[in-house]
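Asks: Protein chains in written order, with our numbering: chain A, 1 to 349; chain B, 1001 to 1279; chain C, 2001 to 2352.
FYI, nobody ran anything at the bench for these hints, they're computed from the structure.
Since this is a predicted model, take the numbers as computed values, not measurements.
Be careful, since some hints might not be right.
What the hints assert, rightly or not - Dumping the calculated DMTMM-like pairs for lysine to aspartate or glutamate here, alpha-carbon to alpha-carbon at most 25 Å: (1) K158(A) to D1062(B); (2) K1137(B) to D1149(B); (3) K1096(B) to E245(A); (4) K244(A) to E1205(B); (5) K1137(B) to D1086(B); (6) K31(A) to E245(A); (7) K1096(B) to E1036(B); (8) K117(A) to D104(A); (9) K244(A) to D1086(B); (10) K244(A) to E1021(B); (11) K244(A) to E1087(B); (12) K1096(B) to E1073(B); (13) K1096(B) to E1021(B); (14) K31(A) to D2178(C); (15) K244(A) to D1062(B); (16) K1096(B) to D246(A).
As the list claims (entries may be wrong) - Computed footprint of chain A on chain C; a stretch qualifies when at least three of its residues, placed anywhere within it, have a C-beta under 8 Å from a C-beta of chain A: (17) 2167–2178; (18) 2320–2333.
Ideal Cβ positions, reconstructed from N, Cα and C, are used throughout, including at glycine.
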Amino acid sequence: MTSCGLDCRTPTPHDNPLQHRQNGVWHYLLKRILLTIPTFVGIVLLTFVVIHLAPGSPATGTVGGFGESGVSAANHDRLREHFELDAPVTKRFGRWIMRVACFDFGQSFADGQPVSKRIIERVYPTLILTFSIIVIALLIVIPVAAYAALNAGGFVDKVILGACVGLYAIPPYVFGMLLILVVGVALDWFPFSGLTSEDHAQMNGWQRLVDLINHSVLIGACILYPLVAYLVPFVRATMLAVLKEDFVRAAFARGLSRRRVIFRHVLPNTLRPLLTVMGLIVPAVLGGSVVLEVMFSWPGMGRLLYESILQRDYPVIMGMTVLSAVIVLGVTLIVDVLYALADPRVRYA
Amino acid sequence: MKSTSALIDVADLSVRYARGELPVLRDVSFSMDPGESIALVGDSGCGKSTLALTMMRLLPADAMVRGSIVLGERGGSGPIDILGTDERTMQSVRGKRIAMVFQNPIGSLDPVMRVGDQILEVILAGRKSARSATRSKALQLLERVGIADPSRLARAWPHELSGGMAQRVTLAMALAGEPELLIADEPTSALDGNVQAQIVELICECRRDSGLSLLLITHDMAVADALASRVCVMNENRIVDDLPIEAANASNRHAATRRLVEAAASKRQKVAATMDGGR
Amino acid sequence: MTAMNHSNSILAFDRSLAIDERSWLTRGALVTAALFVSVALFAPLLAWHQPIVCKYQGTYHFPAVADTFSRIPLVGGWIQKSKPFRFPSFDARTALDSDTFALWPPIAYGPSEMIAGANLPASGAHMLGTDDRGRDVLARLIHGTRVSVRVGVYSMLLAGLVGIIIGGAAGFYGGAVDWICSRLIEIMMCFPAFFLILVVMVWIGNGVTGVILVIGLTQWTSIARLVRAEFISARELDYVDAARSYGATGSYIAIRHLLPGALAPTLVVLTFGVADAILLEAGLSWLGLGVGSEMATWGGMLRDAYDQIRTHPGLMVAPCVAIFLSVLCCHIMGERLRRSLDPRNSYGRSVA
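Isolated chain A, as found in the complex:
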């Protein structure tokens, strides 16, 4: 090879790396935000269809419903009025969009309060609990999964994986009943009903907080363990894949310490995929909250939905459905935006 005469200092044309960087992030973010609009319209449309086209629509008066009663005659008239079932479809859909956009679902059948007010006071506890549990789960998952991945194939790794498979197969409501039985009834360590004690009003700020946390420990544990059991194998597998990447070996070859390679190169690359899973975790946790909140008599979103269903409180039911989907939509959007900011490669996808 006698090509040594070539001037190696001349960059090739595509060696100008930075040409499309200026608008990369903003272009991606704008596109991502605009994409939520059709999804939002779809959510509105789907809920509309659920109300109007289901076999037992309120208009036909054949609502089978649960338990002893269907829809009472009085409620049936209110339903017709509330969902404006006599108006033409296009008009009804327009109204429904407006309702959703303004978050105004009228008044609850149960107590005549505005639906939005009823829902919002129940949303806070669930959302705060959900997000604190997710944070706690991550604090547990990351070190455990990292340890398992770095000792893959070892005894501890096998025990961790086996525990995750076993724990994940226990449904939260089974676990919840076991907790109530053992920790609540037999040991009497934590209260397992409600969010506050009877004397909550007389407590000072600090005691109130402790009281709230005490009442959330058991339900929190029931949300926490399936998350951990699901995420540990996921993070472990991601990390094993990252460990096999060329750049990890190259980083070692450059003389970086093991600690530095793990914390600066392996972990950041492992945690980015974890971010995308959050968009799937939030709806799963919200959905799972129904049974748990009923079981622990915990005043959150899930229990409100259950109560509204028992009372045939349709305005609240529809408000809850839309709101839960919008919350998930928002979380997915935030996660995607964070991901784009965290991973330079996504912006060109």
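Once you've looked at the hints, dock chains B and C against the given chain A.
Replies: Relative to chain A, chains B and C alone:
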């Protein structure tokens, strides 16, 4: 150990994996003098890369290694037994005494860290020095490997680089620790022809500037010709020929050597023929 | 020269749980799954309030057998009308006197049949005791298996069908169809599944069919995403181009070349999905909003146990174990299937 003046001495090296039946290296011995440049050539899968990784002690945990690799003395420190020493010593060997450049240049950079930060990190590895001094050293390194606008490149992400650019960056990172020996594992195989020539020229230049020894791993005799003074031919997991580069063309050589030389010759002819046809 | 193991190397290889072909874990899961399915299929032969065979007013009748087969889709109606299975409606307990011939199932109680004693402990007659309304726990467990297996299998078949159609259309046609299908998937994924299922159940009412429909029609998103991704990546492969160059039509390519590749990973997701469907159904039944309180279900049994958790906590055990085992089985089988498709992959459910 043949001589204490050798840069690195590999003796009777055998490697096998616990999960595999056959050894991936069988009784490999060779030694390198300071400043020497050796090409390790052979078909793919014959154990070249394993040899390089063994010399860096970067094999997977289930690899069983027999034999010895001794790195010669430098400064005050005595010879280092690479297979027997502790991980801490190995950290001071990797990058600082033996550096390595890999086949896939973009893949050997962390995708979510800016190029400049990765270079800084290598310069800072195991050392304490002022941030600004390190920064200017990083820019100097980038300039040295032929990058026209180092400060702009330092802000780029690895995926924004072309293959040739990325290989220049990894070369800069390899040079950062001022090593005695550079192991280049197929440094040009993943690159286009034109860029290949540039990288070969760049390695030539670096060797001229700093008296660096080179262990070049390649399957391409043409690249070996351009960079090395001695060839070790590997075939079926062992070294079958060890000779000066000029002698590789002689006829009384091992079949594997002849095959590689002929392949390079016929490739040169084909390229020439295509270029003629194109005109 | 000693052999040395670089135990301090970080580039360790993955040797995780032994979920492979020969392991006892896989075998156990297969056997247990087969057991669940057979119990579900032959539930009335195991526990029923009528005999398997009996002689009544001079002729032989097969009430439990008839009931077993009458639930098979399509042929069920024909079996009920066929002569050996036709029988007058009668209460076997009172109508049959002790000396007429009758072969009873091993557990001679129906799932909803109320027996004299409530909350009886386990005994020879009631192997798992009775619940608060005097119903035999084992009989309820057996018939609950029937509901869980039906919901798990049928809802996932439905979800698989919907997912393959929507994901396949998105992946095969691309462009506007892909855009619309992708938005549809995204919309469905925004709803917490349990919320949507609950709300739809309000409108369509109780019943096994309703539960199957609702679970099937909400749980198809992961399959659709998977099939779409498989189709898109397969479309790029050379053999599809080759098929097109032979003049194969679009639908032929989709069915003969693209679909088989997507089916195997779909099967994996479906196997995990059966577990999710069983959990969803049990959750619905726990809330009393599932298949209806008149049917025996694992979730319903769990709810009964919850209501008397202070006095009779032992009632929890049977449904808990049943749910746990069925879910575990599905997970192990799913994991085994996934490994056989991609042997390099370590444990970790795919989340995509």
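Asks: For each hint, tell me whether it holds in the structure or not.
Replies: Here is what the structure says about each hint:
no.	hint	result
1	K158(A) to D1062(B)	18 Å, holds
2	K1137(B) to D1149(B)	14 Å, holds
3	K1096(B) to E245(A)	22 Å, holds
4	K244(A) to E1205(B)	33 Å, violated
5	K1137(B) to D1086(B)	30 Å, violated
6	K31(A) to E245(A)	31 Å, violated
7	K1096(B) to E1036(B)	18 Å, holds
8	K117(A) to D104(A)	10 Å, holds
9	K244(A) to D1086(B)	23 Å, holds
10	K244(A) to E1021(B)	22 Å, holds
11	K244(A) to E1087(B)	20 Å, holds
12	K1096(B) to E1073(B)	13 Å, holds
13	K1096(B) to E1021(B)	35 Å, violated
14	K31(A) to D2178(C)	17 Å, holds
15	K244(A) to D1062(B)	14 Å, holds
16	K1096(B) to D246(A)	20 Å, holds
17	2167–2178	violated (count 0)
18	2320–2333	holds (count 7)
Hints 4, 5, 6, 13, 17 from the list above are not met by this structure, while the remaining hints are.
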